[in-house]
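Engineer: Below are the chains, spelled out letter by letter.
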Amino acid sequence: MKKAKRMILILCALFAAGVFIAGTAEARVYLDIYGKSFKKITVAVPYFKSDKADRLQTDMSDLLNKDLDLSGFFIVAPQSLLDKEFLGEGVEKQEINFGSWRSVGIELLCKGKFQIKDGELIFEAFLYDTLDGSMMLAKRYRSRQEDWRRLVHRLADDILLTVTGDKGIMSSRIVFVGGRRGLKEIYMADIDGFNLKKITNYNNISVAPSVSPSGRYIAFTSYKEGRPNLYVKDMEGGREIVADRSDGMKVCSSWFNNSTLVYSHTAGKHSTIYTYNVATGERRTILQREGIVTSASFSPNGSKLLFVSDMYGSPQIFARDTASGDIKRLTYYGNYNSAPSFSPKGDLITFVSQIEGAFEISVMNADGSNQRVLTNGGALNDSPQFSPCGRYILYCSQIGGRYSLHIMLYNGENKRLLKFTDNNEEQPRFAP
Amino acid sequence: MKYFLVLSIVCAVMFAGCSPKVVQPTYQATPGQGQGAAVTTDTGEKDRRGDVTAEELARAERERLRMLDEKMRTSLSQQDIFFEFDSYAVQASELPKLQAVGNWLKQSKTTAIIVEGHCDERGTVEYNFALGQKRAESVKEHLVKMGVEGSRIKTVSYGKEVPIVPGHTEDAWAKNRRAHFKIDQKG
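Listed in order, the protein sequences are those of chains G and C. Here the first sequence is numbered in this note's numbering, starting from 4 and rising by one per residue. Here the second sequence is numbered in this note's numbering, starting from -11 and rising by one per residue.
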């Protein structure tokens, strides 16, 4: 615990230093997101304009505010701050008094106007830097009127891209396990909780979903035939592929490419890591050892295989060099380190570490150095996964006996609850 | 006199030769009927008692095994083998239960069972799935060492999916870290 506390202190100190340094830095360098820390930008999103009064004026600006807040990179100005002077203002550059916005501390201003024609929503968005009135983004979006939420998410992701250089996650979907003891199904939903749908409907235990990089396939383990078999759902057409029906425990942990999954199989004395190509049906043995071997994944460039093994008596994380076959132990702190997952760049690994009886989400460098603990709720945290952009970690947290999904920045800040159903929610995965 | 002697000898021989043939079938065919059997010799009575006792013993033994079998079948779900956290080694304290199940399986030769491996809620989902499998395998291995055919024992891991006790205390966790026996109905 001492070590954990010290890490948190160090993180806090780094953050404080970061704020100070960022405060004196050039205004036009918006966010150095890969630095240790960053300064949040204050953004204002006044109600959007339309020719006719419409609920979407407020619904859409509210949703954009929510998205920008969830992103962790912005301080969102409350609507109460925006008085009449601001609300009457137009959306074009020449209509805006940037000095007034600056005077209330607004750094970025997002304005929008829309019209609805035959059920089609046409939306124009503008993003301004109030420092010099420069236009950072001007873009037109079209969608069906009922898909306005997705339109706003696209805009939010574009704003993130403009300001941080990387797209956001607001257009992402989340695949997760929902349900209760003995009755679990796999679901998919937009990250804002809308468009919820069931991927499985077997009235049984279906768990451990893993989404292929393109989003076409979802692998999962289900007990629908009385024992844990490995299946793959083809989201194009809904076909279901049986990947492994042999004796023993089969769990898919990751995808090597768009059609090849990586799974662990424990039966008898051994555990085996296989790859399985869902297109060709080809199965390859990657690693076999006595005892437990599980949670296997390849680094993004394929040079390393990450896995968890109990070869030293308790779960620890190992990396095998693909070329040489050398196995290196990455975790030494504590008796329980498991569920590792690479960042998209392959420079970081997020994992679960037991600290003082609690299971906390941590990150370390790909070589096992520089371990940082990101959660400190003393709870049971599990299933961490980096977002495709690499800046967020999605995970599950059991608080008060209830499992729920959370997202945070990869440095542990801006922790947010994601809620989809009224049941327990666990084992989250990003889906494109 | 000579004739009488010869006659008596013939009779004696006849009776001696006949008596077992006549009497014995009577109590062999109807062993439960008292009167006819009561006139037979002492040695005959002893034989009869021995025969029935052996049979009753065998029957009692069969009954005892049947009772034991029934008792084991009905109590099988209470024979859970418990484990330490993050361990799949069978503890010494659990061996008597395991031996009882093994002895029963050796008697009840046509019975097939399923060993379910379960974990407490702590730790990661994926690792617990593997751990549950190893717990079931450990129990199977012990039973096989006792002489039970491995083909009669299936193993299934449920990870942490099906806790028997809902709480979040050490006590609840201890009850949930278990290998659970079930009769394999499919055989």
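Don't read these hints as lab results, they were simulated from the structure. Mixed in with the good hints, there may be bad ones.
Said to hold, decoys possible - Mimicking DSS-like on lysine-lysine, the simulated pairs with C-alpha atoms at most 27 Å apart in a straight line are: (1) G:LYS272 x C:LYS133; (2) G:LYS69 x G:LYS43; (3) C:LYS170 x G:LYS227; (4) G:LYS200 x G:LYS42; (5) C:LYS59 x G:LYS272; (6) C:LYS85 x G:LYS227; (7) G:LYS170 x G:LYS87; (8) G:LYS227 x G:LYS43; (9) G:LYS272 x C:LYS142; (10) C:LYS170 x G:LYS272.
Engineer: Work down the list of hints and note, for each, if the structure agrees.
Structural biologist: We went through each hint and held it up to the structure:
1. About 14 Å separates the Cα atoms of LYS272 (chain G) and LYS133 (chain C), which keeps this hinted pair within 27 Å; it holds.
2. The suggested pairing of LYS69 (chain G) with LYS43 (chain G) holds, with an alpha-carbon distance near 15 Å, which does not exceed 27 Å.
3. Taken as a hint, the LYS170 (chain C) and LYS227 (chain G) pair is honoured in the structure, with Cα atoms around 18 Å apart against an allowance of 27 Å.
4. Note on LYS200 (chain G) and LYS42 (chain G): the hinted pairing is violated, with a Cα-Cα distance of about 37 Å set against a maximum of 27 Å.
5. Between LYS59 (chain C) and LYS272 (chain G) the CA atoms are separated by roughly 32 Å; this puts the pair beyond 27 Å, and the hint is violated.
6. For the hint pairing LYS85 (chain C) with LYS227 (chain G), the CA-to-CA distance comes to about 30 Å; that exceeds 27 Å, so the pair is violated.
7. Pair hint LYS170 (chain G) plus LYS87 (chain G) does not hold up; C-alpha atoms about 33 Å apart against a cutoff of 27 Å.
8. The straight-line distance between the Cα atoms of LYS227 (chain G) and LYS43 (chain G) is roughly 48 Å, outside the 27 Å bound, and the hint therefore fails.
9. For the hint pairing LYS272 (chain G) with LYS142 (chain C), the CA-to-CA distance comes to about 14 Å; that is within 27 Å, so the pair holds.
10. Of the supplied pair hints, the one linking LYS170 (chain C) and LYS272 (chain G) holds, its CA atoms being roughly 22 Å apart against a limit of 27 Å.
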